[in-house]
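Sequential numbering from 1 applies to the sequence shown in my numbering.
Some hints could be false.
[Claimed, not checked] Listed next, the in silico BS3-like pairs over lysine-lysine satisfying Cα-Cα at most 25 Å (straight line):
{"hint": "1", "residue 1": "279", "residue 2": "297"}
{"hint": "2", "residue 1": "52", "residue 2": "161"}
{"hint": "3", "residue 1": "297", "residue 2": "167"}
{"hint": "4", "residue 1": "200", "residue 2": "59"}
{"hint": "5", "residue 1": "148", "residue 2": "166"}
{"hint": "6", "residue 1": "252", "residue 2": "154"}
{"hint": "7", "residue 1": "52", "residue 2": "166"}
{"hint": "8", "residue 1": "337", "residue 2": "52"}
Just so you know, these hints were derived from the structure itself, not from any lab.
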Amino acid sequence: MPKKGNFKEKKKLRSRGRNVDPAVRDNLIQLIDIQDFRRDHLIEYLHVIQDKIGYIDEKYMTALADLLDISQTEVYEVATFYHHFDVITNGTSKPQSLTVRVCDSVSCQLNGADELIENLENYYKGTVRIQRVPCIGRCQSAPAATVKFNEVDKADLKKIKTIIDKKSFDPVIPDYIGMEEYIQDGGYELYSQIKEGKIKKESVVEELKNSNLRGLGGAGFPAGQKWEILMGQPQPRLFAINLDEGEPGTFKDRFYLESDPHRFLEGMLIASSVVEIDKIYIYLRDEYPAVRHILEKELSYLKDKFNNTIPDVELRRGAGAYICGEESAMIESIEGKRGMPRLRPPFVAQVGLFGRPTLAHNMETLILGEGYFTKRCRLVHVSRQKRKERIEILLGQRTS
1 MPKKGNFKEK KKLRSRGRNV DPAVRDNLIQ LIDIQDFRRD HLIEYLHVIQ
51 DKIGYIDEKY MTALADLLDI SQTEVYEVAT FYHHFDVITN GTSKPQSLTV
101 RVCDSVSCQL NGADELIENL ENYYKGTVRI QRVPCIGRCQ SAPAATVKFN
151 EVDKADLKKI KTIIDKKSFD PVIPDYIGME EYIQDGGYEL YSQIKEGKIK
201 KESVVEELKN SNLRGLGGAG FPAGQKWEIL MGQPQPRLFA INLDEGEPGT
251 FKDRFYLESD PHRFLEGMLI ASSVVEIDKI YIYLRDEYPA VRHILEKELS
301 YLKDKFNNTI PDVELRRGAG AYICGEESAM IESIEGKRGM PRLRPPFVAQ
351 VGLFGRPTLA HNMETLILGE GYFTKRCRLV HVSRQKRKER IEILLGQRTS
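Can you build the whole structure from these sequences, using the hints too?
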């Protein structure tokens with residue numbers, strides 16, 4: 001796991017590019033509001049700068065490189081790799097102070113995204129940046145847009161104008177099943193029984209293997225076999241969870257996390273208890289600020305509920321890189337690097353996050369695993385002409 005601090009044990013190298021402005025350096029420390037900078041938090045620091053200033057200036061990248069004791073090139077490469085960072089260098093114009101992002105993926109295109117963009121551009125005439133972006137995971141409410149952190153369903157000029165006029169830029173938090181309601185319905189009973197030894201970990205793995213539950217991120221590797229492999233690896237063991245669904249038309253993760261987050265969180269804790277995980281990293285799609293708010297809040301409640309006996313959980317933000325859906329690219333991103341897939345072997349179960357054995361899952365595997373290891377089922381979300389947004393089908397079942 002990463003070390004905290006300024007990495008003073010490494011010899012400080014000088015002449016790594018532009019000189020650092022001490023005033024900018026001090027301002028950056030105040031802006032990020034920490035003293036001990038960590039290399040693996042580079043993307044988190046870039047998010048803070050982008051959120052608070054609206055872009056990432058070259059002088060801040062220079063100061064950030066100095067604080068992390070890495071080259072300015074490393075910071076620049078990471079910042080420019082991710083689409084959600086507006087990097088300003090010599091000769092680059094600063095963006096407008098406010099950006100409206102309008103999805104122009106298939107569902108939104110079919111429901112008036114082009115007309116919405118044209119209306120916004122004609123109304124604001126360059127005073128607000130109107131930006132076309134790929135799918136933002138709100139296909140059931142197309143056309144969709146975001147104004148800072150406010151996600152706008154069935155967006156039109158009137159709705160967006162009202163948000164801007166009122167400066168309502170915070171995410172709108174939907175109603176969802178909270179911890180107490182989830183517990184009243186039997187939630188966390190299974191996790192508690194495993195944690196207390198009333199259910200043997202080996203029997204959980206056998207149940208999982210017999211269920212034939214597979215990883216549902218694409219490769220389809222048997223989940224029970226993955227747990228068994230990790231249990232044979234040396235500790236500390238880490239857990240990387242991919243909530244960065246980015247395929248056009250995909251919003252199943254957001255649906256569950258905005259409605260029943262503890263179903264996912266219990267699955268996460270069950271896996272952590274059985275595999276004896278030391279630390280958990282949740283990699284969340286940046287387009288889901290409401291989900292981020294929900295998870296931060298409910299994870300805090302969980303720590304109190306279980307008297308801080310659950311593993312430490314770090315919630316990390318993606319930054320608009322589709323490739324980070326691949327598990328090793330996600331791991332690189334969590335380490336604060338460009339999301340470039342790793343060569344295999346070694347596999348992440350052996351040498352994963354920070355060089356440690358790492359269990360990697362996506363949300364769907366964990367939410368089905370928590371549901372007592374549902375057999376051979378997939379979650380499918382349908383936008384527009386439908387009665388329900390969510391349906392479940394058996395793997396291999398024809399849908400035509």
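Results of checking the hints against the structure:
no.: 1; hint: 279 - 297; verdict: holds, 18 Å
no.: 2; hint: 52 - 161; verdict: holds, 22 Å
no.: 3; hint: 297 - 167; verdict: holds, 24 Å
no.: 4; hint: 200 - 59; verdict: violated, 55 Å
no.: 5; hint: 148 - 166; verdict: holds, 13 Å
no.: 6; hint: 252 - 154; verdict: holds, 18 Å
no.: 7; hint: 52 - 166; verdict: holds, 19 Å
no.: 8; hint: 337 - 52; verdict: holds, 22 Å
Hint compliance for this structure: hint 4 is the single one not met.
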